[in-house]
Amino acid sequence: MSTNTDFFEVGADIRDTKAPAGPIERKWSTRKFEAKLVNPANRRKLSVIVVGTGLAGGAAAATLGEAGYNVLNYCYQDSPRRAHSIAAQGGINAAKNYRNDNDSTMRLFYDTVKGGDYRARETNVYRLAEVSANIIDQCVAQGVPFAREYGGLLDNRSFGGVQVQRTFYARGQTGQQLLIGAYQSLERQVAAGTVQMFTRHEMLELIMVDGRARGIVTRNMVTGAIEAVTADAVVLATGGYGNVFFLSTNAMGCNVTAAWRAHRKGAYFGNPCYTQIHPTCIPVHGETQSKLTLMSESLRNDGRIWVPKNAEDCEKDPRLIAEEDRDYYLERIYPAFGNLVPRDIASRQAKNMCDEGRGVGPAVEEVNHRTGETQSRRRGVYLDFASAIERLGRDAVEKKYGNLFDMYAQITGENPYETPMRIYPAVHYTMGGLWVDYDLQSNLTGLYVTGEANFSDHGANRLGASALMQGLADGYFVLPNTINDYLAAAPFEPLGEDHPAVVEAITSVKDRVDRLLSINGTRTVDSFHKELGNIMWEYCGMERTEEGLQFAIGRIRELREEFWSNVKVTGANEDFNQTLERAGRVADFLELGELMCVDALHRRESCGGHFRAESQTEDGEALRHDDEFLYVGAWEFTGAGNRPILHKEPLEYEYIELKQRSYK
Amino acid sequence: MIINLRVWRQPNAQSAGKMVSYRVEDVSEDMSFLEMLDLLNEDLTVKGEEPIAFDHDCREGICGMCGVVINGAAHGRSASPVPTTTCQLHMRSFADGATIDVEPWRAGAFPVIKDLVVDRTAFDRIIQAGGFISVNAGSAPEAHSVPAPKAEADRAFDAATCIGCGACVAACPNGSGMLFTAAKITHLAMLPQGQPERYSRVRTMVAQHDEEGFGGCTNIGECSAVCPKQIPLDTISQLNRDLMKSLFKR
Chain U
1 MSTNTDFFEV GADIRDTKAP AGPIERKWST RKFEAKLVNP ANRRKLSVIV VGTGLAGGAA
61 AATLGEAGYN VLNYCYQDSP RRAHSIAAQG GINAAKNYRN DNDSTMRLFY DTVKGGDYRA
121 RETNVYRLAE VSANIIDQCV AQGVPFAREY GGLLDNRSFG GVQVQRTFYA RGQTGQQLLI
181 GAYQSLERQV AAGTVQMFTR HEMLELIMVD GRARGIVTRN MVTGAIEAVT ADAVVLATGG
241 YGNVFFLSTN AMGCNVTAAW RAHRKGAYFG NPCYTQIHPT CIPVHGETQS KLTLMSESLR
301 NDGRIWVPKN AEDCEKDPRL IAEEDRDYYL ERIYPAFGNL VPRDIASRQA KNMCDEGRGV
361 GPAVEEVNHR TGETQSRRRG VYLDFASAIE RLGRDAVEKK YGNLFDMYAQ ITGENPYETP
421 MRIYPAVHYT MGGLWVDYDL QSNLTGLYVT GEANFSDHGA NRLGASALMQ GLADGYFVLP
481 NTINDYLAAA PFEPLGEDHP AVVEAITSVK DRVDRLLSIN GTRTVDSFHK ELGNIMWEYC
541 GMERTEEGLQ FAIGRIRELR EEFWSNVKVT GANEDFNQTL ERAGRVADFL ELGELMCVDA
601 LHRRESCGGH FRAESQTEDG EALRHDDEFL YVGAWEFTGA GNRPILHKEP LEYEYIELKQ
661 RSYK
Chain D
1 MIINLRVWRQ PNAQSAGKMV SYRVEDVSED MSFLEMLDLL NEDLTVKGEE PIAFDHDCRE
61 GICGMCGVVI NGAAHGRSAS PVPTTTCQLH MRSFADGATI DVEPWRAGAF PVIKDLVVDR
121 TAFDRIIQAG GFISVNAGSA PEAHSVPAPK AEADRAFDAA TCIGCGACVA ACPNGSGMLF
181 TAAKITHLAM LPQGQPERYS RVRTMVAQHD EEGFGGCTNI GECSAVCPKQ IPLDTISQLN
241 RDLMKSLFKR
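Going line by line, the protein sequences match chains U and D.
Following full-length UniProt numbering, the numbering of the first sequence begins with 1 at its first residue and continues without gaps.
Following full-length UniProt numbering, the numbering of the second sequence begins with 1 at its first residue and continues without gaps.
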């Protein structure tokens, strides 16, 4: 067997040097005080590129515009309002303590660090908890219609296994309402002339000059025009990369390209293997499926999860399976938490049941990549509301979950009031991303990264209702107060179109596009993407093994080689060409996928949702190794197919005691 | 299933378009309409033909990016009585062997970019004309300092669920964008935070709506009938009331 050093090498440790000294509750105010200011007259002379218009990007672009900077904002969709933040259902946490249940900044901080399995940076998480209350104020002032009580005050609920009610929500459409709030603020700045909006533009390269990020190269997706844009600073707010798995709950256009181009130019990629798997999605129905749909986790409050005890019963109508022939496996294995075990445990056990051959629903063909053989496997478990309907009545269940039941019926054509729903885990959110310091600056000077695109404050296992909080915290409050410190030294020397760095960036984009268009092979872009996704899900999904990851790396390398010699991209660059767009993104996923496997390979511990088979307790639970892996893994690019360099940022827990998790 | 499609193909805004016939085999009734188009596009690509361009993104019915006219109906008609987005329309709503017409949104204010893709940036410019509350980040008062009565807040929410897909415009014989505009006006007018700019907002947004080339509203109601988020028609009455009142307010 090959050793890990065949796949990567270890470089010097790194540190975040921006978080000031002193007690944790003073750090953010100290940093804001110490950061240099830019006077309002000078802000007009400075420009900032923001890529992405979701919660992090839209909020940042609007806020920088309000401050008086010249903002150039880019998105690949037809309108900034389409950013994928819009699809978040659940809610947003904030330590408001409106319920008088002893919630506090400290408690939100504690819950978030613990929920991240002690793999997030304390200083950042504390700040996130600290500004959370301001986010709610800001959104309410914008007119975000959060749920209210009859007295006119805001309602709250609890979410994701915490013991206080701190989640603010807008039915099942919290992300939509928060995003529309940010979008409206953004359009206000567009009207005011501080923000210039470029829709249907995709960032394809980062421009570095004298060690500073100074601009980007974009492709106009309508005309194919490839243009360089320069500014004093660049902010990437481009979301997550869950689409490396092909099937995920992400929007189809979500991609890693902007972040990956920056990585190739030297930005470190932090914790790439950290993927959140969500247990309650509608299962895959066939090979042509393009997308998975999440069902709110709230269903687990009343639904009971089971599979047949005997594999022979899997094809039967579930209503005909006798009570004693059903295995309510979560209630059996985890009597204390039952169906409400954390996301990672619910997910992994569902996979185990299906691997044992006790899954339900339509059988799906799965390729064994090692042997090339296909096997047929049912990938679903029942989420049964029969006993809830008996206990509460159908009306009460309908009132609580009616919209989710309708959505399920719409997608599957089955009536969940009569037969149990089928669910299965799916890729939902990526906690890895470009490494940033306390100021949200990457290791490249002048390149800032916000929201899901950075390696984030969530560690290994994000809790519910945290992602929206981070996106808006970064966009409205953190970045606009840290980027000043950098911009105080600007404006930097203007760059002409003939500057060598600009010419080089444009040329590399054009060459890449030309190459993709000239291969003219026989396989479609999607066929490569699906195959990559299968490999990633099988070997770098919920459960990983040393051997499986090494195999996956080899297979991805072969697939990447085949892609560059046999992909078929139709049409021309000077056209609206969706095949070309997808080809460029899949090419980057083929490089990212390898790095994710390398990161997963080196982390020989189970943490968060990532179960490393070699690292488990005697009774089969995830086992962390704090003595060896209490660090952020930040990877340096050394060329496609070359061994990347691992830089470790040690994590220090001064305020929170490390504990092993237990749900039994 | 086998599906026969007649699809609007138009290389770009400058060229003329035409309907082209395709036959799609091995369609499963569990596929969404867009997955059926994916299947056709894979086939076209392998043959070296240009795939059909269409807009889509979240495929969960919330981003508002997808949208085509299917057999004359915006987003198509599903088997369920509730209107839906194109991405949430499934092939089980069609018969095996059916012939289906697929066209882009047709409206003067939404020019075709290519095939089934249209330009909806006019909607963004309507929002720019006043579809917001002017508040800078960091200057917001404590959220509980302004209570909002639940009935109005709920009505605001119903209007706020608009996803900006443009089906209302495509369905309207006048090509009016009034339901979209009215949804935003109602959302913000029902909340205490929206009051200071309430009447200037309705004036500037309606003026921009007209300038973009959307037609006028003649109370036909097709917009609300196809709306995947069921934005109520009475938001347009709200718009009209506020517009009338704005004549007397400065």
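These are calculated hints, taken from the structure and not from any lab test.
Among the clues, some could well be false.
PhoX-like mimics (lysine-lysine), calculated; alpha carbons at most 25 angstroms apart, straight line [unchecked claim]:
1) U/Lys32 <-> U/Lys45
2) U/Lys568 <-> D/Lys150
3) U/Lys399 <-> D/Lys150
4) U/Lys400 <-> D/Lys150
5) U/Lys351 <-> U/Lys530
6) U/Lys530 <-> D/Lys47
Values in this document were obtained by computation on a predicted structure and should not be read as measured data.
The hints, checked one at a time:
1. U/Lys32 <-> U/Lys45: 22 angstroms, holds
2. U/Lys568 <-> D/Lys150: Given pair U/Lys568, D/Lys150 is violated - Cα atoms ~56 angstroms apart, limit 25 angstroms.
3. U/Lys399 <-> D/Lys150: OK: U/Lys399 and D/Lys150 at ~18 angstroms, within 25 angstroms.
4. U/Lys400 <-> D/Lys150: 19 angstroms, holds
5. U/Lys351 <-> U/Lys530: Given that 25 angstroms is the threshold and the Cα spacing comes to 20 angstroms, the pair holds.
6. U/Lys530 <-> D/Lys47: 20 angstroms, holds
The structure is inconsistent with hint 2 alone, although it conforms to all the rest.
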